[in-house]
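Numbering-wise (the UniProt record's numbering), the sequence shown opens with residue 1 and increments by one.
Keep in mind the hints are simulated off the structure, nothing from the lab. Check the hints yourself; a few may be wrong.
Straight-line distance between alpha carbons at most 25 Å, and here's what the computed DSS-like set of lysine-lysine pairs gives [as the list claims (entries may be wrong)]:
no.: 1; residue 1: Lys-249; residue 2: Lys-226
no.: 2; residue 1: Lys-61; residue 2: Lys-51
no.: 3; residue 1: Lys-51; residue 2: Lys-8
no.: 4; residue 1: Lys-51; residue 2: Lys-249
What follows is a set of in silico ranges between Cβ atoms, one per label pair, in the way DEER data are often shown [said to hold, decoys possible]:
no.: 5; residue 1: Thr-204; residue 2: Asp-255; range: 44 to 52 Å
no.: 6; residue 1: Pro-193; residue 2: Ile-63; range: 35 to 43 Å
no.: 7; residue 1: Asp-45; residue 2: Leu-272; range: 36 to 44 Å
no.: 8; residue 1: Gly-132; residue 2: His-6; range: 36 to 44 Å
no.: 9; residue 1: Pro-15; residue 2: Pro-157; range: 47 to 55 Å
no.: 10; residue 1: Asp-113; residue 2: Glu-40; range: 21 to 29 Å
no.: 11; residue 1: Ser-42; residue 2: Gln-86; range: 46 to 54 Å
no.: 12; residue 1: Arg-49; residue 2: Ser-271; range: 51 to 59 Å
no.: 13; residue 1: Thr-224; residue 2: Gly-302; range: 21 to 29 Å
no.: 14; residue 1: Gly-132; residue 2: Pro-195; range: 14 to 22 Å
no.: 15; residue 1: Arg-7; residue 2: Glu-40; range: 32 to 40 Å
no.: 16; residue 1: Gly-302; residue 2: Thr-50; range: 39 to 47 Å
no.: 17; residue 1: Ser-155; residue 2: Tyr-25; range: 37 to 45 Å
no.: 18; residue 1: Val-210; residue 2: Arg-7; range: 43 to 51 Å
Backbone N, C-alpha and C define an ideal beta-carbon position, used for all residues, glycine too.
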Amino acid sequence: MTGDTHRKICQPLHPAIRDSLDPQYVAYHEAHLQYIERDEISSWDGSIRTKKHSLPPGGTKPIPVGSIDDHDVARFRVRVYTPTGQCDDRGWPVLVWFHGGGWAVGGLNNGTDLCCWACERARCIVVSVDYGLAPENPFPAAVEDAIDAVRWVASRPAELQKIDTSRISISGTSAGANLAIVAALSASNPEVPLPTAQPSLPNTIAHPPVSLVLFIPVVDNTATAKGVWRPNAETAPWLTPARMEYYRKLYFTHDDHRSQWDASPNLAPDSLLRKLPKTWVAVAEMDILAPEALALGDQLRGDYP
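Given these sequences and hints, build the entire structure.
Following this line, the structure appears as structure tokens:
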């Protein structure tokens with residue numbers, strides 16, 4: 001094992017999977033992540049949000065974009081990335097982005113490199129959403145913010161200049177991907193009330209989203225180490241079952257909420273799932289979330305011939 005032998009190793013890679021992991025990830029984990037104390041061994045005080053060592057940045061630097069502006073929307077803020085140059089007569093397509101962090105950490109400064117890259121390479125406006133974090137804002141607050149963010153974009157706000165509301169895509173990573181799926185379900189089924197969440201903005205969505213892009217999504221909040229997570233429960237790097245449950249307990253104040261489809265979108269009726277847009281899912285093979293993400297892919301493939 002590489003790394004500083006004089007520092008305490010808190011999160012070593014499991015030897016059963018180390019050789020199967022990408023060498024770049026192994027190097028990153030053993031240079032940084034293995035020395036970070038596990039979140040779940042301490043009671044929550046919010047300090048992880050400000051600790052510089054909480055999660056070191058990767059190697060990708062943001063590329064220049066036309067402009068980056070912050071705006072207040074309802075109870076939350078958004079950061080808007082606009083490409084260089086001019087849009088065509090239709091207006092800019094829009095990508096609505098939700099950061100990860102177990103619904104309890106993260107913010108507008110997370111994913112800046114990805115947002116800039118998507119903005120310029122895909123030639124679209126990117127709207128990054130600073131949704132309310134748990135435990136101060138427990139479920140379903142983040143879901144309500146996510147849905148309101150998409151509704152705000154669909155309302156053609158002046159802050160977004162010229163946009164094409166028939167080309168709105170939704171994306172997120174991990175817990176943010178969970179919010180992205182639910183927001184897409186709501187936008188694709190505007191006439192269907194949500195089981196728990198109550199968005200505050202009026203529904204102005206005239207067109208369903210055109211795509212859904214998910215990175216290592218949290219899909220099933222009823223999953224357990226003895227059930228869905230079992231294949232990787234003992235060996236998964238970084239996100240362990242104990243850590244996932246730690247963040248769930250911050251997010252959910254009522255256990256019965258976990259089985260509602262605005263918390264576990266895989267449990268949504270097939271009639272709603274089949275209306276989701278074209279969906280791309282990135283799955284990390286050794287991640288505890290892999291089985292539920294793969295299962296979602298199977299569900300959606302069953303709906304799209």
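Right, here's what the structure says about each hint:
In summary, the hint linking Lys-249 to Lys-226 is supported, as the alpha carbons are separated by about 18 Å, within the 25 Å threshold. Proximity of Lys-61 to Lys-51 is assessed by CA-CA distance (about 21 Å); at most 25 Å being required, the pair is judged to hold. With a C-alpha separation of about 18 Å, the suggested pairing of Lys-51 with Lys-8 holds against the 25 Å cut-off. Note on Lys-51 and Lys-249: the hinted pairing holds, with a Cα-Cα distance of about 21 Å set against a maximum of 25 Å.
About 34 Å separates the C-beta atoms of Thr-204 and Asp-255, a value inconsistent with the hinted range of 44 to 52 Å. Between Pro-193 and Ile-63 the CB atoms are about 41 Å apart, so this pair conforms to the stated range of 35 to 43 Å. Taking 36 to 44 Å as the suggested C-beta distance range, the pair Asp-45 and Leu-272 conforms, at roughly 38 Å. Hint check: Gly-132 to His-6, Cβ distance near 41 Å, so the stated range 36 to 44 Å holds.
At about 52 Å, the beta-carbon gap between Pro-15 and Pro-157 stays in the expected band of 47 to 55 Å. At about 28 Å, the beta-carbon gap between Asp-113 and Glu-40 stays in the expected band of 21 to 29 Å. Taking the beta carbon of each, Ser-42 and Gln-86 are about 50 Å apart, inside 46 to 54 Å as hinted. Remark: the range hint 51 to 59 Å for Arg-49 to Ser-271 is contradicted by a beta-carbon distance near 39 Å.
The hint said 21 to 29 Å for the Cβ distance between Thr-224 and Gly-302, and at roughly 24 Å that hint holds. Under the hint 14 to 22 Å, the C-beta atoms of Gly-132 and Pro-195, about 19 Å apart, fit the expected range. At roughly 20 Å, the beta-carbon separation of Arg-7 and Glu-40 lies outside the given 32 to 40 Å, and the hint is violated. Our hint of 39 to 47 Å for Gly-302 and Thr-50 holds, since their Cβ atoms are close to 44 Å apart.
In this structure, Ser-155 and Tyr-25 meet the distance hint of 37 to 45 Å, their C-beta atoms being roughly 40 Å apart. Checked against the given bound of 43 to 51 Å, the beta carbons of Val-210 and Arg-7, roughly 47 Å apart, stay inside it.
Against the hints set out earlier in the document, violations occur for numbers 5, 12 and 15.
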